[in-house]
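Here are the chains, one letter per residue:
There are 2 protein chains.
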Amino acid sequence: MSLRTGLAQINTTVGDFAGNTAKIKEMYRRAKEAKLDLLIFPELCICGYPPEDLLLKKHFLAENKKAIEQLAKDCPDITIMAGFAEPNDGGCFNSLAILANGKITKVYRKALLPNYGVFDEKRYFHSGTEPVVIKIKNLSVVCTICEDIWDLNWLKEFLAGVTEKNLIVNISASPFHAGKINENLDVLETCAKMFNCPLAYCNIIGGQDELVFDGRSMFIDSQGRLAACAKAFEEDLLIADIEANGQIKSDRAETKTDENEEIYKALVLGTKDYLAKNGFKKAIVGLSGGIDSSLTAAIAVDAIGKENVIGVTMPTKFNSAETISDAEKSAKNLGIEFHSIPIEPLLQGFNQELGEVSGWNEKGLAFENLQARIRGVILMSLSNQFGYIVLTTGNKSETAVGYSTLYGDTAGGFAVIKDVPKTIVYKLSEYVNKLHGREVIPQSVITRIPSAELRHNQKDSDALPEYDILDRILKAYIEEEKSLPQIIKQGFDAETVMKVIRMVDRNEYKRRLCPPGVKITPKAFGRDRRMPITNRYNQQIRQ
Amino acid sequence: MSLRTGLAQINTTVGDFAGNTAKIKEMYRRAKEAKLDLLIFPELCICGYPPEDLLLKKHFLAENKKAIEQLAKDCPDITIMAGFAEPNDGGCFNSLAILANGKITKVYRKALLPNYGVFDEKRYFHSGTEPVVIKIKNLSVVCTICEDIWDLNWLKEFLAGVTEKNLIVNISASPFHAGKINENLDVLETCAKMFNCPLAYCNIIGGQDELVFDGRSMFIDSQGRLAACAKAFEEDLLIADIEANGQIKSDRAETKTDENEEIYKALVLGTKDYLAKNGFKKAIVGLSGGIDSSLTAAIAVDAIGKENVIGVTMPTKFNSAETISDAEKSAKNLGIEFHSIPIEPLLQGFNQELGEVSGWNEKGLAFENLQARIRGVILMSLSNQFGYIVLTTGNKSETAVGYSTLYGDTAGGFAVIKDVPKTIVYKLSEYVNKLHGREVIPQSVITRIPSAELRHNQKDSDALPEYDILDRILKAYIEEEKSLPQIIKQGFDAETVMKVIRMVDRNEYKRRLCPPGVKITPKAFGRDRRMPITNRYNQQIRQ
Chain A
1275 MSLRTGLAQI
1285 NTTVGDFAGN
1295 TAKIKEMYRR
1305 AKEAKLDLLI
1315 FPELCICGYP
1325 PEDLLLKKHF
1335 LAENKKAIEQ
1345 LAKDCPDITI
1355 MAGFAEPNDG
1365 GCFNSLAILA
1375 NGKITKVYRK
1385 ALLPNYGVFD
1395 EKRYFHSGTE
1405 PVVIKIKNLS
1415 VVCTICEDIW
1425 DLNWLKEFLA
1435 GVTEKNLIVN
1445 ISASPFHAGK
1455 INENLDVLET
1465 CAKMFNCPLA
1475 YCNIIGGQDE
1485 LVFDGRSMFI
1495 DSQGRLAACA
1505 KAFEEDLLIA
1515 DIEANGQIKS
1525 DRAETKTDEN
1535 EEIYKALVLG
1545 TKDYLAKNGF
1555 KKAIVGLSGG
1565 IDSSLTAAIA
1575 VDAIGKENVI
1585 GVTMPTKFNS
1595 AETISDAEKS
1605 AKNLGIEFHS
1615 IPIEPLLQGF
1625 NQELGEVSGW
1635 NEKGLAFENL
1645 QARIRGVILM
1655 SLSNQFGYIV
1665 LTTGNKSETA
1675 VGYSTLYGDT
1685 AGGFAVIKDV
1695 PKTIVYKLSE
1705 YVNKLHGREV
1715 IPQSVITRIP
1725 SAELRHNQKD
1735 SDALPEYDIL
1745 DRILKAYIEE
1755 EKSLPQIIKQ
1765 GFDAETVMKV
1775 IRMVDRNEYK
1785 RRLCPPGVKI
1795 TPKAFGRDRR
1805 MPITNRYNQQ
1815 IRQ
Chain B
1275 MSLRTGLAQI
1285 NTTVGDFAGN
1295 TAKIKEMYRR
1305 AKEAKLDLLI
1315 FPELCICGYP
1325 PEDLLLKKHF
1335 LAENKKAIEQ
1345 LAKDCPDITI
1355 MAGFAEPNDG
1365 GCFNSLAILA
1375 NGKITKVYRK
1385 ALLPNYGVFD
1395 EKRYFHSGTE
1405 PVVIKIKNLS
1415 VVCTICEDIW
1425 DLNWLKEFLA
1435 GVTEKNLIVN
1445 ISASPFHAGK
1455 INENLDVLET
1465 CAKMFNCPLA
1475 YCNIIGGQDE
1485 LVFDGRSMFI
1495 DSQGRLAACA
1505 KAFEEDLLIA
1515 DIEANGQIKS
1525 DRAETKTDEN
1535 EEIYKALVLG
1545 TKDYLAKNGF
1555 KKAIVGLSGG
1565 IDSSLTAAIA
1575 VDAIGKENVI
1585 GVTMPTKFNS
1595 AETISDAEKS
1605 AKNLGIEFHS
1615 IPIEPLLQGF
1625 NQELGEVSGW
1635 NEKGLAFENL
1645 QARIRGVILM
1655 SLSNQFGYIV
1665 LTTGNKSETA
1675 VGYSTLYGDT
1685 AGGFAVIKDV
1695 PKTIVYKLSE
1705 YVNKLHGREV
1715 IPQSVITRIP
1725 SAELRHNQKD
1735 SDALPEYDIL
1745 DRILKAYIEE
1755 EKSLPQIIKQ
1765 GFDAETVMKV
1775 IRMVDRNEYK
1785 RRLCPPGVKI
1795 TPKAFGRDRR
1805 MPITNRYNQQ
1815 IRQ
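Chains as they are written, first to last, in the working numbering: chain A, 1275 to 1817; chain B, 1275 to 1817.
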């Protein structure tokens, strides 16, 4: 006797009870056709993840409960597991409802609540304390939610009283970062082996503000082997037969993705969903002829289609003929609408007005930033006029050190590559050309020495270390939380490390004022890294 | 026998171990002169509050521990209680160290960790589990930290085994909002009465990013009566003699503040500290001749002095002669440097360039916002050139409904009154004039009908309900988390409530991109209210 089980990874939207339940019902329809015994949906799929402070609204909790009760009525013919926020005593639990025969027959409440990184679950949820096991077709199915299986020593104790286990279900909302799939696999495989029990892991997909969820729901057999894996970054219904002996039968072959591919897909889906879920159809990008804006435009085209992306170049006398023509070439390669709006007259206009204030200097940093700010005004004006969202083009390396103009090139609605280090920007650009089988991002853009072109003969390396060095220092400082001496010990020049740390610390205020963008690294700026702006630590290296 | 006790409320800076310990040592010097037996400092005073993700750095924790050990050595002659982050097992506790005879003699670890509102303490700290009582001059002193006394039922159980109590010490970092002092007093008085024991409450003062701490440390006697209260929004050393019978002797009279006064002081200190602790000496404000910018400039003058504030007016043809002259009058009344930079030519320049894109409309919203954006560019350019910080002037009512231009009037470094509802802006303006005993904010500014002046004959009430209605709806929706039907039931017009909620929900993205500002209400935008941008809840009223 086997249990025909489906993992339904759907793309939910936070707060969209009607839309989310419609997707669930469509999967239920397919599941009935496929004669499933058990159909599993991700964590908090009724209300979307993470709902954040919507969970503090009692009426929100009440409506989400009503939605899952209605769902039980509408889907009586298969046992369903689905996540919802269960109102309780003025607060709520992060719960898994078991729906059968038109009712909620049982509820499991998440016991381990993550409260680190991007997670704030202790702000919202009470902790559950009881394991839940249900019998389906004589098999014992254990319910868990996401974090519950990430501390296996704890889980062993938690499940100590559960003698019979034929399947452990884990419903998740596990945000993507590059390489995380291997961490997931490790945990799932170790868990299955520890309990000598197969595992069904169902993860959400889709973008929600800065997070993107990759899906890749999985069945693991009782020996800890990956038996089947759902698609990455797409909705999917993955079906397998779970045998009482711990074997798993599925006809789905495993698909491997390389790291550049998965990052690129994450950026495309994160951008696509941010725009669609917030009601934007078209996007506008300032094309400088540099690699960051070219890549951003390419991602936008893959996310929403070339007919919905507008490129604008806004040259001054400091832009070389090559970059101006590369901006146009990028647009042409992508097949997008393209405008050139020279800003030299506006720059001179501002320069004249500002020249009335004594001390204004037309050769300084303020004058350089002025160019970026004029461009910001033009893009935001077109955004206002035509309802386009402005996609900003800053990468993680420059965001980290503040190599950008606040309210200039940082002005926009979504910062597509803000969590992509410059060295990965290069890799992704090569990947885009490979993916499309032609030169989408011009080779000259990839090979040109990086410059902001805000004064004559400017190069990024005038102000910053070479990007391969910068990115390694940033990784040590930001992702690995290493100290100054520890980073120097890795073999970097002490002055360079001090300078980089100083720049990162000093520019916290600037990062706060940048639009959201897709998290693709283990530690992104934003909710993942909550640093005070006012901060005199490291002041010794600030001077 | 009595215990001569001092509450030393100091203005710490996050991460500034050297500066914070210097302040502690200066208080120790004064305490020795005053022959104190016990000297108490606030929660986490060694590292400042809240240190946020600095607590994830092991070297930060190590340095903070070294600092308190050194302090013990440097201050051997009085028993000291002071808060620090105590490294433990890869994480830390939020602890109170007892320093005596050159050593840390005991440590109490905070047991209740707040993880709601602006607090994320479960992200950082382990929970303590043991009460700590020490004997000083034969009196039994119980140690607690902030939240520990906010759940008195819990505290009663926690202290059940503590039979002798002559004093309960509570060290705090309790952020200000208007009226909170009464909540504090309630808790402290109830606590003292419940245990029939005097209470010594020591709170931090100063601004830290969006938070401001008001001090007002207090002694409460065993009958729950306020015996002495330290200054509000100033550093202070409050001394009293605690008797074994629960009596408290202090020569400090209680000072009462009214609500407008305390809000104004909070805004002044919050602004002063944000600028000083981030290295800004001077500030620039765009003066429109309206009440928001006039009040912002007045706060800036009281925070950093008139010689450090620069006002700029940037009129177009849509600004009336009256507002232009009122801008100048405001500046004159305040005695600040004043510039007038007409932006009409720049507006025409942009209009011409943007006119090249077919569909550009010089009568629409984009054209209106363009004016605000040009002003943003000018202010940011002067900020860049001269090192001024730009103070933005948006109030909470317009921030809530998005009645502002992103990257226009929201562009700056600090948003002084972003948490001040418009109705309170009026009250504070009257208060400023009363405080200074003369017309600082011109009466014509206070009485004029509010307008953004971005087109002819524009009035705020064209787009928004009257401010007294708007502010009451916003309070119900934001602070009280009421639902649409609940708010309508309060007696407001249904269409109006729907419109306001729709505007609040739709403008989350805009609020994310506004600079920080001082929290003065129970629920400010920012860490206090963490709403998703992508959010289809309430979509029914979004259409």
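Please note that a few of the clues may not be correct.
One copy or any two copies: either way a pair holds, since identical chains are not told apart in the list.
Said to hold, decoys possible - Below, simulated EDC-like cross-link-like pairs (lysine to aspartate or glutamate); rule was C-alpha separation at most 16 Å, straight line: (1) 1797 to 1327; (2) 1332 to 1754; (3) 1331 to 1755; (4) 1454 to 1525.
I should point out that these hints are in silico values taken from the structure, not numbers from a laboratory.
* Within, between, both or neither, where residue 1797 and residue 1327 count as close if Cα-Cα is 16 Å or less -> between (22 Å within a copy, 12 Å between copies)
* What label fits residue 1332 with residue 1754 when the C-alpha limit is 16 Å: within, between, both, or neither? -> between (39 Å within a copy, 11 Å between copies)
* First find the shortest C-alpha distance between residue 1331 and residue 1755 inside one copy, then the shortest across copies, and answer within, between, both or neither for a cut-off of 16 Å. => between (36 Å within a copy, 6 Å between copies)
* Asked: With identical chains treated as interchangeable, where does the CA-CA distance between residue 1454 and residue 1525 reach 16 Å or less: within a copy, between copies, both, or neither?
  -> Neither way: residue 1454 and residue 1525 sit 25 Å apart in one copy and 63 Å across, limit 16 Å.
The earlier numbered hint that this structure contradicts is number 4, and it is the only one.
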